[in-house]
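Asks: Spelled out, the chains give:
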Amino acid sequence: MTDSTPKLPGLLARRTRGMTLEAPFYTDPAIHHADLDLIFARHWIFVGVEPEIAEPGDVMSVDIGNHAVLVARDDDMELRAFHNVCRHRGARLIEARHDSVGNIVCPYHQWTYGLDGALRHAGCMPRDFQAERHGLRHVHVRSLEGLIFVCLAEEAPDDFEDMARIVGPYIAPHGITRCKVAHTEDIVEPGNWKLTMENNRECYHCSAAHPELTRSIFAEGFGFAPVGAAAEAQAARFQAMIGDLHARCQLRGIPSGEIEHLADRITGFRTERLPLEDAGESETLDTRVACKKLLGDLSETRLGALSFWTQPNSWHHFMSDHIVTFAVFPLTPETALLRTTWLVHQDAVEGVDYDLSNLTAVWHATNAQDSALVGKAADGVRTSGYRPGPYSADTEGLVEKFCAWYIDRMQAGLAG
Amino acid sequence: MTDSTPKLPGLLARRTRGMTLEAPFYTDPAIHHADLDLIFARHWIFVGVEPEIAEPGDVMSVDIGNHAVLVARDDDMELRAFHNVCRHRGARLIEARHDSVGNIVCPYHQWTYGLDGALRHAGCMPRDFQAERHGLRHVHVRSLEGLIFVCLAEEAPDDFEDMARIVGPYIAPHGITRCKVAHTEDIVEPGNWKLTMENNRECYHCSAAHPELTRSIFAEGFGFAPVGAAAEAQAARFQAMIGDLHARCQLRGIPSGEIEHLADRITGFRTERLPLEDAGESETLDTRVACKKLLGDLSETRLGALSFWTQPNSWHHFMSDHIVTFAVFPLTPETALLRTTWLVHQDAVEGVDYDLSNLTAVWHATNAQDSALVGKAADGVRTSGYRPGPYSADTEGLVEKFCAWYIDRMQAGLAG
Amino acid sequence: MTDSTPKLPGLLARRTRGMTLEAPFYTDPAIHHADLDLIFARHWIFVGVEPEIAEPGDVMSVDIGNHAVLVARDDDMELRAFHNVCRHRGARLIEARHDSVGNIVCPYHQWTYGLDGALRHAGCMPRDFQAERHGLRHVHVRSLEGLIFVCLAEEAPDDFEDMARIVGPYIAPHGITRCKVAHTEDIVEPGNWKLTMENNRECYHCSAAHPELTRSIFAEGFGFAPVGAAAEAQAARFQAMIGDLHARCQLRGIPSGEIEHLADRITGFRTERLPLEDAGESETLDTRVACKKLLGDLSETRLGALSFWTQPNSWHHFMSDHIVTFAVFPLTPETALLRTTWLVHQDAVEGVDYDLSNLTAVWHATNAQDSALVGKAADGVRTSGYRPGPYSADTEGLVEKFCAWYIDRMQAGLAG
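Protein chains in written order, with our numbering: chain A, 1 to 416; chain B, 1 to 416; chain C, 1 to 416.
FYI, nobody ran anything at the bench for these hints, they're computed from the structure.
One side only, chain B facing chain C, incomplete, derived with CB under 7 Å:
no. : residue
1   : H67
2   : V85
3   : R87
4   : H88
5   : H109
Since this is a predicted model, take the numbers as computed values, not measurements. For every residue, glycine included, the Cβ atom is placed at its ideal position computed from N, Cα and C.
I would like the entire structure built from these sequences, with the hints used as guidance.
Replies: Rendered as structure tokens:
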């Protein structure tokens, strides 16, 4: 009634580099829907890992805001993805997150689709009914060494293969397809999905917020750049450790150097292998491997942690013994789902090769801490007193790259 | 902000016959409000049965979306209906669903209205206060052989009497006004009210979804038309049973043939007496009467089930021993209230003449199954992947008539 | 889609004096936001009392709709108020309602502000970072003899001092700053904040709704004017009691006469000292003081109750032994927070000088009764049948003044 809310194009155009976004980006239902349309329906979205649907007939459902997707492994072991909705009366097809089926049968009137999406049976339809025009609507799907991405656009961004070519060799040694899911955890984050992403894209808050995580990781590996004499000594030590780690990796033919394309590609990403503290083996409370059975064909425990990030919604940590993947899905303008998945070698036996609480302790605690911080930010940015504030150029440079990518892709979406 | 939602007139105009409605009809708050304004405030809405307010001073309140109505039986045994809101400060007058009162007294400042709606007392008002201008605002009310309908429009559709003239003789033998309410059940349906209505208007889903209901009813009676040799034999058997039932009814002077005006009248309706399976007596688990005391002056148990439907919000099943009525009231864009009422003869004694769990078993189970299916449909139609799908011409013809009636009445409402 | 909602300026312009407001003022999200912008961000809002932040470093947070404010007592005992949001990433600074701090430290990245709002420390920021430009954003704050008011506008209404000059002598004898908070109670009112205010601004409903409160107070003191012979006798008795009370007050130099500027000032207010029934000492179940230790330097118990109201959101009752203050904060279009605070002399000892349940019994019960009535009104005004109704000119004259003030200030806000 007194609507003076600036419209989206204006808000995008006036965004100041190096500053946090204006409040409507974190609260406005119309921008939430625009995010779903222009970001989540047009880019490659990480949705899960191949071990979740290892066998023919395995299906998984994933809701990306108002986009309901089902990913299936067909009888030829190919991945297929579809809109998870019947072509008849629109009923949701697969309810469970994971299921195993012969065909995909609608629970309402039993319309029956093959794992290739073709409509195989529809009762009571007239003779001239064209079943071939009522197959499930396809969604693009790709696997990057076992990490499953989907794209809901008619034409998916064509730079996925290029990312896969670059990043594949980093990830491949960890053998995701020979892993099993040891644990999964869903958290409803009390803030807009971008607050969760921004929280992930810096370690400025780590020293105060994450006592468990900082036993193993160096905040410096994520852009943290403290000031002062002690800081310089620490930075030098960290650089030496990186050099040492990368040299050891090179000996084994494992790529480790930083590659960063967060803001200069449609499918933005970043990867780097980073050293860990003390024993240097894994992101655990004692910095040692949590699983005796190493991943892939690895024999060296001290490989630090391979970090792999994608825009807009994922990050992943690969150690010699286990992998942790994170996916963020918008729920409402002010909530998001954070899905965390812990993977170990498929032959590892719980209680023998690994203790589940030890495996998950660090990120279980860290997720809860981050979720609380996201809530603090959400509580503030929705108030009238909030104004965009300045990012630390060094320490929050990758947050800035997330925002820059987001603004650019939203503008491209509106233009397209 | 990127608002490209088609407006209501455009959505109505582009609706394709024989196809499900577009998603906004099931999700959009603005269409929800238009439904309340153009459908629920302008048509005859079924709200309950006379036995609910049998005595002078009995009142019932019913909320039809944002329309709060109270229906009263006055001292002359006439039905009266009013907006359930005080003319002073707007407080809700009758809170309970059923009550018995001398006058209607506002709980806020004790303004007091007679059962005729006249303001009888208002404390502290000045001498020139015109009480006669502050009576309760009237709502049209009619009883069709004991089924109570209200209309919130200033001028109610004038075809109610015609429907009553046609349908009255079908219903009258079941003697609603000599019944009592044996049980009532409110379910919050997890979808837009139209999904509940569409679910009711076909039995395509019955064989798979309703094991209890299909012990007695024939899906063929509601348009179900399977294909194949066995289907033909079954159809022939069903036609023979209809012929037998209608002949027996004719002997007793009870009308039974189909009358269908679902889409060609403002007050759309359909009725038909249909045979039941096996014992053929009632919609019970054993297909026999659930109440020893038959309704009205009936002496024959095997009268099948009289089906009576009205647009936009009701259906009713009349058997020789009991009646089940159903009313649907919108709550929010994506929820609705389904109110089910079981009636038996007023002289029937629970535990002697009928067992309540046996009486209610079939529709209690069927309602829950339908509610789950409505939820599946709602879960799908709100996703970006949903597209309108084709109705089966034979089996879902009456769903199509519901949609056609709805589109037509919405367009008439916008034009009016 | 069929949007025919009148816009705010039109609704304001067509408001009829002496009638309740139209429905959108109690339900519409856009008007709710306009209320927050034009009423709550531009006027003096009562938020609490000085004893809540008695010591240096004491802070309190208060949320006025989407306005998050923190009020602090600095090291010089001055009151300071700020937006409760960090200048870096927008995180909420003070979470608890009350806290005691050395500095104000953001929980996200530890940006640290002094109690004067200046940014004292921000890690990792570049050398050219201008800390002096990133202090907390100030909010106006004033104390009226211990009642704390804030104003979020850049320029606060300049008539606060005038109100303080007039009302201060009434309040000062009760010595708020020498009080302590004995009890506080937050109720989520089930209606728009204006329904809570309107409920407070008349006692027409008191006789039927408030058996506990009317043991001590006279509804006549709040404009109640019943008709009839008995009423005249009662009115005469009440006038005599007022005369007696005011004479006793005058002897002690305590001002007591009515001053009413509810609708003719930006900072609208009203005050009057009113007699109480029976023992005439306090708003308690037995009309006697609930606390043996009298307030300030008072020695007389029979001082009735000083009533002090402010627009838009507070009322206060001062007795010789205790004070009850009430603040209303909008939450959503159809809910509000009612915060009630009971104060006694800081030296009074619970269990010795006062019994807490006796102290709070009357207003605890009255608040619950009023909250239920607000719910009845909210239930009615959101229905389609609601139409504005007439206020009783005598008995609801101060409700009309609340509405007149509100309409005037909204129009001024839109014009400004």
